[in-house]
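**Q** Work out the full structure, taking the sequences as your base and the hints as a guide.
As they're listed, the protein sequences go chains A and B. In this text, residue positions in the first sequence follow the working numbering: the first is 1, and each later residue adds one. In this text, residue positions in the second sequence follow the working numbering: the first is 280, and each later residue adds one.
Treat the hints with caution; some may be incorrect.
[Unchecked claim] Stretch by stretch, here's where chain B covers chain A in the computed footprint (C-beta under 8 Å, at least three residues):
1) 123–134
2) 177–188
[Claimed, not checked] Restraint-style ranges between C-beta atoms, simulated for each label pair:
3) A:Thr101 <-> B:Ile406: 52 to 62 Å
4) B:Thr439 <-> A:Asp109: 24 to 34 Å
5) A:Pro137 <-> B:Arg495: 52 to 62 Å
6) B:Thr439 <-> A:Ser205: 46 to 56 Å
7) A:Thr101 <-> B:Ala615: 46 to 56 Å
8) B:Thr439 <-> A:Gly235: 52 to 62 Å
9) A:Thr101 <-> B:Ser601: 21 to 31 Å
10) B:Thr692 <-> A:Glu254: 29 to 39 Å
FYI, nobody ran anything at the bench for these hints, they're computed from the structure. Ideal Cβ placement from N, Cα and C applies to all residues, glycine included.
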Amino acid sequence: MSESDGHLATSEKASHEKVTIGRRGFLRAAAISGIGLGVMGVVAETVAAATQTSTTTPTGPTKQWCMIIDLRLCNGCKLCTTACQTAHYLHEDQTWMNVYTMQNAAGEDYFMPRPCMMCEDPACVPVCPVGANFRTPEGLVLVDQHKCIGTRICMNACPYDARYFNWTDPVPAPRQPFAQEPEWPVPQVKGTVGKCVDCAAMLPSGQLPECVVNCPMGVLYFGDLTSDVAVNGNGATVKISTFLAENDAIVFKEEYGTHPRVYYIPGHGQDLNNNASAS
Amino acid sequence: MTDVLNPPSHTTVPAPGADLRASAMRPVLETPSWWWPAVAILGVIVVLGVVAWVYQVANGLGVSGYNDGAFWAIYEANLVAFIGVSYGGAVVSAILRLTHTEWRAPLTRIAEATALVTLPIGMAFIIPHLGNPSKLWELVWPPYWNLTSPILWDFFAVSTYLLATAVFFYLPLIPDAVIALDRLEDEPASTRVRVRKSLYRILVGRYASTPAERRRLNGAIGLIAIMIIPMAVSVHSVLSFAFASSSRAGYMETILPVYFVVAALYSGVALVVLTVAAARRLFHLEAYISSRHFVRLGFVMIAFGAAYLYLTFTEYLIDGYSGTTGAAAWVYQIVAGRYAIPFWIYFFAGGVIPLVIMAVRRWRTTTGVVVASTLVVLALWIKRLVIVIPPATEPLVNSPLKGSGVLAGNWGTYHFTWVPISITVAATAAIPLLLLVVFRFVPILPMAEMEEIDEAGHEANLEASV
Ligand code: SF4
Ligand code: SF4
Numbered sequence: 001m002s003e004s005d006g007h008l009a010t011s012e013k014a015s016h017e018k019v020t021i022g023r024r025g026f027l028r029a030a031a032i033s034g035i036g037l038g039v040m041g042v043v044a045e046t047v048a049a050a051t052q053t054s055t056t057t058p059t060g061p062t063k064q065w066c067m068i069i070d071l072r073l074c075n076g077c078k079l080c081t082t083a084c085q086t087a088h089y090l091h092e093d094q095t096w097m098n099v100y101t102m103q104n105a106a107g108e109d110y111f112m113p114r115p116c117m118m119c120e121d122p123a124c125v126p127v128c129p130v131g132a133n134f135r136t137p138e139g140l141v142l143v144d145q146h147k148c149i150g151t152r153i154c155m156n157a158c159p160y161d162a163r164y165f166n167w168t169d170p171v172p173a174p175r176q177p178f179a180q181e182p183e184w185p186v187p188q189v190k191g192t193v194g195k196c197v198d199c200a201a202m203l204p205s206g207q208l209p210e211c212v213v214n215c216p217m218g219v220l221y222f223g224d225l226t227s228d229v230a231v232n233g234n235g236a237t238v239k240i241s242t243f244l245a246e247n248d249a250i251v252f253k254e255e256y257g258t259h260p261r262v263y264y265i266p267g268h269g270q271d272l273n274n275n276a277s278a279s
Numbered sequence: 280m281t282d283v284l285n286p287p288s289h290t291t292v293p294a295p296g297a298d299l300r301a302s303a304m305r306p307v308l309e310t311p312s313w314w315w316p317a318v319a320i321l322g323v324i325v326v327l328g329v330v331a332w333v334y335q336v337a338n339g340l341g342v343s344g345y346n347d348g349a350f351w352a353i354y355e356a357n358l359v360a361f362i363g364v365s366y367g368g369a370v371v372s373a374i375l376r377l378t379h380t381e382w383r384a385p386l387t388r389i390a391e392a393t394a395l396v397t398l399p400i401g402m403a404f405i406i407p408h409l410g411n412p413s414k415l416w417e418l419v420w421p422p423y424w425n426l427t428s429p430i431l432w433d434f435f436a437v438s439t440y441l442l443a444t445a446v447f448f449y450l451p452l453i454p455d456a457v458i459a460l461d462r463l464e465d466e467p468a469s470t471r472v473r474v475r476k477s478l479y480r481i482l483v484g485r486y487a488s489t490p491a492e493r494r495r496l497n498g499a500i501g502l503i504a505i506m507i508i509p510m511a512v513s514v515h516s517v518l519s520f521a522f523a524s525s526s527r528a529g530y531m532e533t534i535l536p537v538y539f540v541v542a543a544l545y546s547g548v549a550l551v552v553l554t555v556a557a558a559r560r561l562f563h564l565e566a567y568i569s570s571r572h573f574v575r576l577g578f579v580m581i582a583f584g585a586a587y588l589y590l591t592f593t594e595y596l597i598d599g600y601s602g603t604t605g606a607a608a609w610v611y612q613i614v615a616g617r618y619a620i621p622f623w624i625y626f627f628a629g630g631v632i633p634l635v636i637m638a639v640r641r642w643r644t645t646t647g648v649v650v651a652s653t654l655v656v657l658a659l660w661i662k663r664l665v666i667v668i669p670p671a672t673e674p675l676v677n678s679p680l681k682g683s684g685v686l687a688g689n690w691g692t693y694h695f696t697w698v699p700i701s702i703t704v705a706a707t708a709a710i711p712l713l714l715l716v717v718f719r720f721v722p723i724l725p726m727a728e729m730e731e732i733d734e735a736g737h738e739a740n741l742e743a744s745v
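**A** This is how it looks when you write it as structure tokens:
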């Protein structure tokens with residue numbers, strides 16, 4: 001386990017190449033070869049390629065954002081959840097960062113924060129009929145709420161229940177420092193899907209995500225796989241590859257092949273690779 | 280035409296000619312006393328459904344009982360169920376045509392019309408299903424297309440199928456329009472006659488009723504009949520992919536496409552039984568549609584019903600037996616947990632009772648088949664809810680060690696509210712409403728087809744006696 005995560009963390013390029021032959025590659029190949037609509041496939045590919053090149057900035061190595069969650073330290077205070085909800089003007093049940101109460105083998109409760117896993121091979125992206133979900137060059141999976149038509153098929157696809165719908169009018173928000181865009185979806189749009197965005201709009205200026213800053217226990221680390229450095233809200237800095245390897249880090253539901261960029265450090269007797277709702 | 284005619288054997292009408300044409304054209308030329316009241320009541324129900332939808336658009340899908348613990352529910356089930364009942368047209372008109380089953384002839388127009396009206400109603404459920412219906416246009420605008428999405432392919436498949444269904448309704452109508460035009464010559468001129476005359480002229484187009492053209496037309500109908508079967512299969516298969524492209528127990532099932540297609544055929548034949556029974560009663564078609572038609576349709580129906588029961592059994596048995604935590608929890612919730620009541624309603628009303636009705640000779644009557652079909656249509660709608668709702672309410676992040684085994688996790692709950700119920704009732708009312716309108720313009724029996732089969736029968740008899 002530790003070895004594979006060390007690998008993921010250090011040789012990011014190789015692992016990224018590997019995952020592109022995964023679900024998306026298969027579906028795209030299937031779609032393009034499907035029922036004589038190859039021409040449409042070519043059109044869509046060209047459009048996709050055009051949009052992709054326009055958003056890539058060629059300056060310097062791209063950051064590859066990731067999160068590390070140290071389950072040994074979490075006391076279940078849920079300050080991360082409320083900080084996220086306050087910052088993004090979310091309803092109470094829209095828990096982009098949700099803290100689940102779990103039970104270990106000894107029958108004791110432990111707490112498990114769950115943001116969006118920012119999957120390298122996200123299940124939510126290929127299923128969207130209008131391409132409202134996308135993955136940025138920095139490895140963030142985001143939703144364009146101005147494009148989203150509200151089919152909720154991404155909520156069906158995500159294996160982590162990480163997506164939340166705007167079933168009613170969103171919480172009204174005052175003027176924001178950023179425009180309403182996928183990186184800062186505030187206020188939310190009624191009838192569209194929302195989820196954790198790793199506080200994408202705050203990252204370029206060097207700010208940590210709200211949940212990370214507001215965790216008093218230092219459970220949540222935020223970092224960049226390219227420079228191999230992560231920090232938590234208390235200012236502790238770690239070298240990602242060694243930190244993950246030394247602490248036997250795991251990813252949630254590894255068997256789904258989503259390659260999450262959220263790494264969990266389990267405590268004693270925790271079985272995070274549970275298969276509770278998988279078939 | 281009266282009931283002095285004995286119930287026909289395999290042919291449809293004893294002598295070709297005026298009686299058949301008069302019966303087929305009567306709904307077009309006469310307005311029964313109940314017609315306007317019926318249309319008014321059904322129209323009000325449909326309008327109320329539209330009002331409910333407007334309310335939902337204004338207030339969000341939350342007013343329809345949806346929440347993050349139940350993100351798909353009644354609209355998705357309706358989408359599947361209403362598109363499903365349109366399959367009766369494909370069965371009765373395409374499969375029975377290709378197998379040269381002659382007793383189908385008087386039923387084809389009614390079956391095709393039912394398909395033609397239920398399919399757009401089913402498709403319309405995309406609109407209340409969407410959170411943001413004002414962006415619906417993105418589905419038809421190629422730059423937005425994401426070809427890896429099952430929903431997009433649903434949309435392509437259903438649209439193609441709708442087109443094919445319309446063509447399949449139109450082609451057999453051409454020779455009937457020729458007959459109808461002929462008949463309208465004798466009618467005193469009125470707006471009603473004038474409107475229908477111009478409609479029939481458009482339908483006929485440049486078709487000349489020569490034997491050669493008639494042969495070519497029959498060839499075209501046969502071709503569409505062949506094409507429409509794989510199309511129908513593709514529609515419900517692709518529809519099932521939208522559910523199956525997931526990691527949820529109960530959705531991620533390889534059996535799902537077959538399961539969807541068979542359910543659609545089953546409920547489709549049941550709805551044809553109901554519309555045929557209603558049309559026979561309301562438009563006095565007893566001389567052409569006998570109890571033997573119903574019994575035969577009943578047999579076709581329970582053949583699909585038995586297959587469906589078998590698939591249900593296979594799915595739940597294997598998933599339950601495998602014992603993977605998620606699958607076992609899902610099966611448990613369906614057969615003995617929170618979804619047990621609707622599941623067992625399906626099992627008896629949609630699985631066992633129709634089989635028993637058709638198995639007992641004394642119950643195998645028109646009434647028996649109509650009762651069985653009513654049960655099937657209702658039970659299969661409930662079954663669609665049992666397919667759609669449980670996996671959408673499954674908790675995906677939970678602790679297998681917490682709670683007692685299969686009950687672990689917080690299952691979500693869908694709350695029925697008046698909004699989706701009103702929309703569902705409106706969609707149901709729209710079926711008879713649209714059919715009443717269709718048969719005010721279109722002959723209810725396929726006159727040309729029935730006469731052709733009848734002539735063929737005569738010739739066969741002559742040859743046999745020679
Ligand atoms: S956790 Fe879910 S929403 Fe987030 S990227 Fe992965 S599949 Fe998508
Ligand atoms: S990273 Fe930002 S959006 Fe994601 S859970 Fe934390 S506060 Fe919320």
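**Q** For each hint, tell me whether it holds in the structure or not.
**A** To see whether the hints hold, each was checked on the structure:
1. Check result for the region 123–134 of chain A against chain B: holds, 7 residues qualifying (beta carbon to beta carbon below 8 Å, three or more required).
2. Requiring three or more residues with a Cβ within less than 8 Å of a Cβ of chain B, the coverage given for the region 177–188 of chain A is violated, as only 0 such residues are present.
3. A hinted range of 52 to 62 Å for the beta carbons of threonine 101 of chain A and isoleucine 406 of chain B is inconsistent with their spacing of about 39 Å.
4. Judged by the Cβ atoms, the range 24 to 34 Å given for threonine 439 of chain B and aspartate 109 of chain A is violated: they are separated by roughly 54 Å.
5. A hinted range of 52 to 62 Å for the beta carbons of proline 137 of chain A and arginine 495 of chain B is consistent with their spacing of about 59 Å.
6. With their beta carbons about 50 Å apart, threonine 439 of chain B and serine 205 of chain A fall inside the hinted range of 46 to 56 Å.
7. As the Cβ distance of threonine 101 of chain A to alanine 615 of chain B is approximately 26 Å, the hint placing it in 46 to 56 Å is violated.
8. Against the hinted window of 52 to 62 Å, the Cβ-Cβ separation of threonine 439 of chain B and glycine 235 of chain A comes to about 60 Å, which satisfies the hint.
9. The hinted window of 21 to 31 Å between threonine 101 of chain A and serine 601 of chain B holds, with their beta carbons roughly 28 Å apart.
10. As the Cβ distance of threonine 692 of chain B to glutamate 254 of chain A is approximately 30 Å, the hint placing it in 29 to 39 Å holds.
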